[in-house]
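For chain U, the structure is supplied; the task is to place chain F on it using the hints.
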Amino acid sequence: DGGITQSPKYLFRKEGQNVTLSCEQNLNHDAMYWYRQDPGQGLRLIYYSQIVNDFQKGDIAEGYSVSREKKESFPLTVTSAQKNPTAFYLCATRSRFSISYEQYFGPGTRLTVT
Amino acid sequence: QKEVEQNSGPLSVPEGAIASLNCTYSDRVSQSFFWYRQYSGKSPELIMSIYSNGDKEDGRFTAQLNKASQYVSLLIRDSQPSDSATYLCAVTIQGAQKLVFGQGTRLTINP
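Those protein sequences? They're chains U and F, same order as listed. Residue numbering for the first sequence follows our numbering, starting at 1 and increasing by one per position. Residue numbering for the second sequence follows our numbering, starting at 1 and increasing by one per position.
Bound-form chain U, shown alone:
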């Protein structure tokens, strides 16, 4: 069963705690992305990675960290330094060799920090 999986679907944390969101894919896509979506808003790019062991900051990277040790996995850590972490987090992938540059999304993780 191919696709992108994100876990958990819902996550609750206390303020001041770090939390790691999982994103796994078996599409053999090279590029992976993390976005954040707030109510009534579009998607904002947090981090992205074009290849293993390399990643770049997006538009709102402060308070977040990532790693890309395997092609299939791109976990996102929301640190206590992120001032307003409650949001819907979306992982996306893209084939590096796709001429169309389309990105495909996982089901998302809804994080609530109180």
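Just to be clear, a hint being listed does not mean it is correct.
Restricting the straight-line Cα-Cα distance to at most 25 Å, the calculated cross-link-like pairs of lysine to any residue (SDA-like) are [claimed, not checked]:
1) F/K98 <-> U/Q17
2) F/K98 <-> U/N28
3) F/K56 <-> F/G41
Using C-beta positions, here's what the derived DEER-type ranges look like [to be verified]:
4) U/S100 <-> F/I18: 24 to 34 Å
5) F/R28 <-> U/S100: 17 to 27 Å
6) U/Q41 <-> F/Y71: 13 to 23 Å
7) U/P107 <-> F/D58: 22 to 32 Å
8) U/P39 <-> F/L11: 14 to 24 Å
9) U/V52 <-> F/L11: 34 to 44 Å
10) U/S100 <-> F/P14: 27 to 37 Å
11) F/R77 <-> U/N84: 34 to 44 Å
12) F/A17 <-> U/S67: 41 to 51 Å
13) U/T5 <-> F/S8: 45 to 55 Å
Just so you know, the hints here were simulated from the structure itself, not pulled from any lab data. Since this is a predicted model, take the numbers as computed values, not measurements. Just so it is clear, CB atoms sit at the ideal spot from N, CA and C, and this is done for glycine as well.
Just chain F now, kept in the frame of chain U:
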């Protein structure tokens, strides 16, 4: 000026009519343009992509691109209640490494 702008709506259209969604973008070198549909509480789903000026049709959906005027639109013919969703416009930047999204237009199809 935002890189990608959409009318946030809500846009209300009667069932069976044509829904027209618009998007403008600021980067003249953008080459790829996408429309995603997002149902409430779900992740975005790619429904159309367009790369050259003109129209591209796929079933009830037609994407229109005008690079000179820097706008892209999505037409939904014979609108159905199941088309009720938020539609996100996305545009490539920086050599297509990144997508920039508009804030989305909420569309409601009234039976």
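Check each numbered hint against the structure and report the violated ones by number, ascending. 1, 3, 13
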